[in-house]
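S.K.: Sequence:
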Amino acid sequence: MYQVRRAMIPKNKHFRQIRWTAIFLVLLLAGCAKTVRAKPDQTVSTALFDFAVSEAQPLTEYPGVTVPEDRRLISLMLTVTNTGAETLPVFARDFQFQWGEGAEDFGCCLDALDDRMMPYAQDLAAGESGGGLVLVLVPRDCTALTVAYEEQRADGTSAGTYFVEVPL
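Letter by letter, the sequence shown follows residues -38 to -1, 1 to 130 in mature numbering (1 follows the signal peptide of the UniProt record, and there is no 0).
Since the hints were derived computationally from the structure, they do not count as laboratory data. Fair warning: this is a prediction, and the values are worked out from it, not measured in the lab. Take the hints with a grain of salt, since some may be wrong.
Unchecked claim - 20 Å max Cα-Cα, derived EDC-like pairs, lysine to aspartate or glutamate:
no.: 1; residue 1: K1; residue 2: D85
no.: 2; residue 1: K(-5); residue 2: D56
no.: 3; residue 1: K(-5); residue 2: D117
no.: 4; residue 1: K1; residue 2: E17
no.: 5; residue 1: K1; residue 2: E113
no.: 6; residue 1: K1; residue 2: D56
no.: 7; residue 1: K1; residue 2: D12
no.: 8; residue 1: K(-5); residue 2: D12
no.: 9; residue 1: K1; residue 2: E112
no.: 10; residue 1: K(-5); residue 2: D76
no.: 11; residue 1: K(-5); residue 2: E113
no.: 12; residue 1: K1; residue 2: E63
no.: 13; residue 1: K(-5); residue 2: D77
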């Protein structure tokens, strides 16, 4: 026959405090990836940079862009500021543009066509800001656009997701 032995657990207040702190830390670490939602003209802070979306508006045309009949051309300003201590490469396609719940309701910005537009890639020194005009083709009936950025850790897991919701 086996005899079950109970572990000797101190029942003092200090031990309970340590136990609850440990449980809290485990739960906190399990949910480290954060979700941030913002509106146009609000600064969004990630671990490496701040960014802001502003001046969103529909365009009927833009030099070098052909707008299909079932689409609308949207322009917006995207500003990125390096908040780190080292030079940071920033890519225009790090940002995704979403306009619905469907599996295909998203896209990237168009490639830069002139100096006003955000370049494909730019290196920002510590404290430096960059960015530019971004053009996106969305469905004609689209009434809102979400600019999304996902921050990833070195191991590939998500460190946070950032959304700027833009009414059109």
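S.K.: Determine for every hint whether it applies to the structure shown.
M.R.: Outcome of the hint check:
no., hint, verdict
1, K1 <-> D85, "violated, 26 Å"
2, K(-5) <-> D56, "holds, 18 Å"
3, K(-5) <-> D117, "holds, 17 Å"
4, K1 <-> E17, "holds, 12 Å"
5, K1 <-> E113, "holds, 19 Å"
6, K1 <-> D56, "holds, 19 Å"
7, K1 <-> D12, "holds, 14 Å"
8, K(-5) <-> D12, "holds, 15 Å"
9, K1 <-> E112, "holds, 17 Å"
10, K(-5) <-> D76, "violated, 35 Å"
11, K(-5) <-> E113, "holds, 10 Å"
12, K1 <-> E63, "holds, 19 Å"
13, K(-5) <-> D77, "violated, 34 Å"
Hints 1, 10 and 13, counting from the list given before, are not met by this structure.
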